Amino acid sequence: MTSPVRFTFFKRPLQAVAIAALVCVSLGATDAGSRFNDLGHRMMCTCGCAQLLGECNHVGCPNSEGERNELSAAITDGKTDPEILADFSAKYGATVLAAPTTKGFDLVAWIAPFAFLAAGLLLAILLVLRWSEKKAQAVVVAASPETDAIREKIRRETGSDGGF
Amino acid sequence: MAAFGSLALYIALALAAYNLLAGIIALRMIATGQQARISPERLADSARRAGIAGFVAVTAAAFALVWSVFKNDFSIAYIVQHSNKALPGAYKFAALWSGQEGSLLLWAWLLGTYGFVLRLTHKQDVKLYAYAGTILASVQFFFLLVLTFAARPFSLQTGGIPDDGNGLNPLLQYPEMVIHPPMLYLGYVGFSVPFAFALGALMMRYPGEKWIKITRVWTMVTWLFLTCGIFLGMHWAYAVLGWGGYWGWDPVENASFMPWLTGTAFLHSVMMQEKKGMMKSWNVWLIFTTFLLTLLGTLLTRAGLVSSVHAFAQSSIGDWFVTFMVITLAVCIFTYIVQHSHLKSEHALESLVSRESSFLFNNLVLLTACFVILWGTLFPILSEYVEGSKVTVGAPFYNRVAIPIGLFLLFLTGVGPLLPWRATSFRSIKRNFILPVVALWSTVIVCLAVGVRPWKDGSLDQGNFYALVAFALCAAVFTAIISEFLRGAAVIAKQTGRNLFAATYLLTRRNTRRYGGYIIHIGVVIIVIGLAGAAFNRSEEKEMALHDKLAIGPYILESVGATQDSNANYNTEFALLNVTENGKQATEWTHDGWRIFQQPLQMSPEKRVYLSSGQPQTMVAIHSVISWDLYVVYEGTNPDTGQPIIKAFLNPLVSWIWAGLVIIVFGTGIALVPSLTPATASLRVPVAHAVPAEPALRSGD
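Protein sequence lines correspond, in order, to chains P and W. Taking the working numbering, I'd label the letters of the first sequence as residues 1 to 164. Taking the working numbering, I'd label the letters of the second sequence as residues 165 to 865.
The following block holds chain P by itself, in its conformation from the complex:
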């Protein structure tokens, strides 16, 4: 009786996750306004204020307005996003891009966090499984409140030795 319940309990969330993952696959904005906004948030202002080009509006910024005009002109000229990013990068240096590219050594920037998480998850799962096995084997010497109390007392009375 429990099996169908279990299935329906997880079915909907799993379907939703699958749909969400499919939605994630598609990318990209299309119209000029969206592209300006999108590209403006993928590049930095070069004045040294450490703000995104699309957000830089501090008083007296010598660069952001000119760069935004350049971006607008490039979109009007019909250049593609990669072409615009490459042009800016060539003109202002790689630091104008707000995030590392996905080529060469830059790719490491994107891979490392997920590799860290994956390795951590794997390690944690293996650790839990190993502990679970050990626990099953050690069931004959399982701790009770009494043994815990005795152990605590022993530690209290002897544990300070060996310090430095």
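If you are wondering where the hints come from, they were derived from the structure by calculation, not from laboratory data. Hints are supplied without guarantee of correctness; some may be wrong.
[What the hints assert, rightly or not] Straight line, CA to CA, 30 Å or less: simulated DSSO-like cross-link-like pairs of lysine-lysine: (1) W:K554 - P:K79; (2) W:K620 - P:K103; (3) W:K554 - P:K103; (4) W:K554 - P:K91; (5) P:K79 - W:K508; (6) W:K287 - W:K508.
[Stated by the list, open to error] Every beta carbon over 10 Å from chain W, so not counted as near; a handful from chain P, in silico: (7) A50; (8) S72; (9) A73; (10) G93; (11) A109.
As the structure is a prediction and not an experimental result, all values here were calculated from the model. C-beta: ideal position from N, C-alpha, C; glycine also.
With the hints as your guide, set chain W onto chain P.
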């Protein structure tokens, strides 16, 4: 006063050196049973007293600097660089931490203050406190060395004494700047204390988990200071930098966030050690890492390794910090290798689906978040080393990598408390999770119904998608927490006959740590809702002549004037904007003494130019309500027409972020209050009725 300050610092350095050396010798003698003319206990106590005297000396030095600022003593180079005569009093006080030398002096003073409290309360456990005091003395010795030889706050001005100073950096002339840095420093410096206890306990093979109980209050208070410091910094960035946001993934923001993440992980995993005797090595390394990250934060702020909006504090003391970090790490590794047998777990995890596992995964995700931020912060340096050219790692990187991790953490925030200790059954999962799952999907449906679309023109809208997921998870987590409260309160209400409110109060009093923690989680949920609102930010920009109008959302801003003003500190120009909302005059609450009343809303964003430095600065006008902030920036004037250019933002749910912080502060306060224990409970019951045999009220989690 410069001579007095310098002398105080030299005395403090000598006392810290004595505290360190005498402490080491005394503790070594105690550990080995070695005999000498002076007993090790007396030597250790003299070291402790030197630490207390050191606090007095550092206080004198800090006082000397503040006094010099207020007295406009421009014979001191630091005062010339960071103050001027016309600077308002509160900002003169802020000059203490506005520059390199002053902020290091503040660090040393706060460390001295923490050490002072620690040394006064040493009778709780004399030997452990002696270890902790000696370790703190080593940190203090380092900072005083830097202050004495590398970043001297009392250096004299060369080439004649100027009539006036250069003034405080305009970015710092804002009310939050009077409290944000001290709060942040209280957090940074405060982590030295649990670090000292952890290292000391490991060195002396401290029996049991008492050291964790001793440091629990220290750690929580420190964590709270750091949390408040970070949020005050966010508010400062929001109100001063004028770009409409509050978090820019700036390296220095990241530097404050990293120890917060590891400190949060420690606060969670330490419960495993207290309750189950597990994760001992992990906890020790978490607190070591947290302390090292606080140093790294200072290094990043000061050494100019990475470009940052906090460039005003840069200097060349990086080598000192790198050396100290290497020595600290070496000591930690050596101590761990020698003593790691003391850290064996007493229990093991029994199931992958249990409260213990949720703590483990919560720690893993927090550590991953910390790694992502560290990686992103340091990758430009790494890239320059490998490729020969720097790259930028900005908001787009963190938004893609850190936001999914943050949402996963939010998911665990909801799941963890619903899982029982040791192991769980499918039946209990179903019982505990049904309501949160219903809340989750109901929120998704409501959000879709009101127009939150995770797609646009057939493609994914990343911001809206994350916002939708965040709202849904927040609803689920909130439901899970509230149902935890109600479940427990219902049992108490049934047992005692109290109403649900009184039962909830008693439930919280019985286990303040657990339910205070839940309140903190509610605060986090509220903050995440506020952060998710950023996906729906809107902005409009317009050059505004008299009576021109700018429409944004339900508001219409009408220019009713633009004017200029000046005082001894700065010249200012600002626009006067009348605001209508949905066609009616908008109003705001204000007060005249104790009388609170509503008045028509008029906003006046301004641009200041500070006279001493000649630097311009925006002063944003913000009208904040529960649903959004109307945020107006004076961008300057059009040089051709002379008309002001106004940029208005409509930022949804921003006030939720600050409200969430208030809830976190409240929750932490609750968690710091001791729970009703069987002992204290029995005091409230007449002796004849006391039944102490079986603890009816349990504390801790």
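Evaluated hints:
1. W:K554 - P:K79: holds, 26 Å
2. W:K620 - P:K103: holds, 28 Å
3. W:K554 - P:K103: holds, 15 Å
4. W:K554 - P:K91: Holds. W:K554 to P:K91 sits at ~15 Å (cutoff 30 Å).
5. P:K79 - W:K508: violated, 62 Å
6. W:K287 - W:K508: Holds, at roughly 28 Å.
7. A50: violated, 5 Å
8. S72: holds, 14 Å
9. A73: holds, 19 Å
10. G93: violated, 7 Å
11. A109: Since the minimum Cβ distance to chain W is about 5 Å, P:A109 lies within 10 Å and the statement is violated.
Violated hints, in rising order: 5, 7, 10 and 11; the structure is consistent with all others.
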